[in-house]
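Sequence order for the protein chains is L and W. Under our numbering, residues 3 to 203 are what the first sequence spells out, in order. Under our numbering, residues 8 to 474 are what the second sequence spells out, in order.
Be aware that a few hints might be false.
With beta-carbon atoms standing in for the labels, derived distance ranges [unchecked claim]:
#1 W:Gly335 - L:Lys133: 27 to 37 Å
#2 W:Ala55 - L:Gly96: 18 to 28 Å
#3 L:Pro201 - W:Gly398: 39 to 49 Å
#4 L:Thr10 - W:Asp279: 49 to 59 Å
#5 W:Gly29 - L:Val151: 19 to 29 Å
#6 W:Met253 - L:Gln198: 34 to 44 Å
#7 W:His82 - L:Gly180: 39 to 49 Å
#8 L:Glu148 - W:Phe319: 34 to 44 Å
#9 L:Ala66 - W:Ala55: 36 to 46 Å
#10 W:Glu396 - L:Ala197: 34 to 44 Å
No lab work stands behind these hints: they were computed from the structure. Think of the CB as a built atom: it goes at the ideal place given N, C-alpha and C, for glycine as much as any other residue.
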Amino acid sequence: MEKFEKLTGVAAPMDMINIDTDMIIPKNFLKTIKRTGLGVNLFDEMRYDDDRNERPDFVLNKPAYRNAEILIAGENFGCGSSREHAPWAIKDFGIRCVIAPSFADIFFNNCFKNGILPIPLPQDQVDILMKDAEKGENARITVDLENQVITTSDGEQIRFEVESFRKHCLMNGLDDIGLTLEKAASIDAFEAKAAQSRPWV
Amino acid sequence: MSSKTLYDKIWDAHIAHEAEDGTCLLYIDRHLVHEVTSPQAFEGLRMAGRTVHAPDKTIAVPDHNVPTTPGRDVHIDNDESRIQVDALDKNARDFGVHYYPVSDIRQGIVHIVGPEQGWTLPGMTVVCGDSHTATHGAFGALAHGIGTSEVEHVLATQTLISKKSKNMKVEITGKLAPGVTAKDITLSVIGKTGTAGGTGYVIEYCGEAIRDLSMEGRMTVCNMAIEGGARAGLIAPDEKTFAYCMGRPHAPKGTQWEAALAWWKTLYSDDDAHWDKVITIRGEDIAPVVTWGTSPEDVLPITASVPAPEDFKGGKVDAAKRSLEYMGLTAGTPLNQIKIDTVFIGSCTNGRIEDLRAAAAILKGKKIAEGMRAMVVPGSGLVRAQAEEEGIAQVFIDAGFEWRLAGCSMCLAMNPDQLEPGERCAATSNRNFEGRQGRGGRTHLMSPAMAAAAAVTGHLTDVREMM
Ligand code: SF4
Chain L
3 MEKFEKLTGV
13 AAPMDMINID
23 TDMIIPKNFL
33 KTIKRTGLGV
43 NLFDEMRYDD
53 DRNERPDFVL
63 NKPAYRNAEI
73 LIAGENFGCG
83 SSREHAPWAI
93 KDFGIRCVIA
103 PSFADIFFNN
113 CFKNGILPIP
123 LPQDQVDILM
133 KDAEKGENAR
143 ITVDLENQVI
153 TTSDGEQIRF
163 EVESFRKHCL
173 MNGLDDIGLT
183 LEKAASIDAF
193 EAKAAQSRPW
203 V
Chain W
8 MSSKTLYDKI
18 WDAHIAHEAE
28 DGTCLLYIDR
38 HLVHEVTSPQ
48 AFEGLRMAGR
58 TVHAPDKTIA
68 VPDHNVPTTP
78 GRDVHIDNDE
88 SRIQVDALDK
98 NARDFGVHYY
108 PVSDIRQGIV
118 HIVGPEQGWT
128 LPGMTVVCGD
138 SHTATHGAFG
148 ALAHGIGTSE
158 VEHVLATQTL
168 ISKKSKNMKV
178 EITGKLAPGV
188 TAKDITLSVI
198 GKTGTAGGTG
208 YVIEYCGEAI
218 RDLSMEGRMT
228 VCNMAIEGGA
238 RAGLIAPDEK
248 TFAYCMGRPH
258 APKGTQWEAA
268 LAWWKTLYSD
278 DDAHWDKVIT
288 IRGEDIAPVV
298 TWGTSPEDVL
308 PITASVPAPE
318 DFKGGKVDAA
328 KRSLEYMGLT
338 AGTPLNQIKI
348 DTVFIGSCTN
358 GRIEDLRAAA
368 AILKGKKIAE
378 GMRAMVVPGS
388 GLVRAQAEEE
398 GIAQVFIDAG
408 FEWRLAGCSM
418 CLAMNPDQLE
428 PGERCAATSN
438 RNFEGRQGRG
448 GRTHLMSPAM
458 AAAAAVTGHL
468 TDVREMM
């Protein structure tokens, strides 16, 4: 997995609540058997019209935000299905960090597995970042995972929380499965015990 | 020992390893796999030279993008769908997991097949790369959706890296009025809590109205726990649960059954267990409901009217405006005057035999409205066969419904069953998101009986008027 340490980039403002996974990546793009290549279809139905022309007023189509690396959004971001295609599409587009007042649970998990940092913040702090992001290309925001600080283009600093284990994995680009397999003895012991206590499983 | 909730008990029984910060390796008893969220996971295993840790606890079935018309076992026209189904076929066989291909009568929606075959049992941990895994919570199993990386993790290790959620109790007291169903309960709860009301929680549904539900009704309730944002929904197992499980192909038998039963009977929340959040709704207060917008929280009784954006607060004002525009609705229109052109009965929410019976009871001796496209998609091949045996299939066909083969179908429209832009559908599924049933399609969620009533009248209808 790609490491995440510190990121400075343009943030795209998407001031909408309940942005669901069907919006992030509509199901017609779930038929792939690969993890890559979904970036062009990120937010597909909002981004393109019926003739597949870009809708000029959609934020990621505006010149200032075409290379956004951060997304600022409303509450309950990523609700809906468990499709990991959502974070894959976000990552493939080039966005590495999503900031919102709240996230849906599965989406939140999926981000960490793909080197994306989701940051939940109180609404008033998201509002500050949303305003900052609206300034466009020159307003670059910095997300420093090690120190858990976001710095706005005006130099204002906002602290954020992240679970220590997840931070560790993200900063070192660690593969979960490899880490878990180091605990194979615990798993084997659990299975041996369960074979006795719940043999029907 | 201190008192525990049902969730606490199941959680504690499955910790294979706990780190200092509380991150656990949760042991997974059943891993359900379908064709859309698994190919990248199997590919990952192959690339790393890993195997499936417990193929005996892994069950695969194609459902999301299989066509629901005959001939699909011979050939699937859509290239991408066929590639995914073929990939599942190959992966299931290469890695030796249990598998129900489309040619098998037991094939169906993964969340219907699991319980039907006795894979899902009380006290288990069940995961699947699909958010509606919450369905299995109806058995008192801790069941939730996971992403593809987690699918790969479970395949490789039979565990999930997990942190414990908080406990939430949703109590539905008293009795339901006639015409009110499990679907109305679960939609009403989301209407009350919002789609993020359950975020961070595992919900246990309890109370007399829940106890009174059949196992199938309980599955409908738990199915939509995710729509309320919860990690999982649970219902404590009872005699109904045990009766449902007994004799299923993969349920324990003989002395193992006795041992299992003894443990299952300890699976309930202790009286003085701690709840982080409690919600109580009177069963008598629940009406038959429909959704009017593009979020499952946009729920109102069928007797109400389309709301105005100004009726809401905060970000919901804009969201409601957008919803109404997308749905092509005007504030103030009585919901029961909204005309529909399509009806979809099926999905893991309402694709079981009792759902089909409830719809057929309304349809018997009637015809669907002129120009209506109505489709019923049984949740599994076995549900389909049973409906045919009971004569229900004929009721649907006589009324003018298409009688399809099992799969997810128009619930998410990954197969050819889709809405055209602007088409409006009465659906028994669980999501009314923009484009969910086809780009530009408009979805109203409701119970099977309500969908059947709408099919007959051609507009959203209070089923109580037809009972
Ligand atoms: S029926 Fe719908 S909700 Fe259920 S598993 Fe299939 S696509 Fe998902």
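Violated hints - listed by number, lowest first: Hint 6 contradicted; others consistent.
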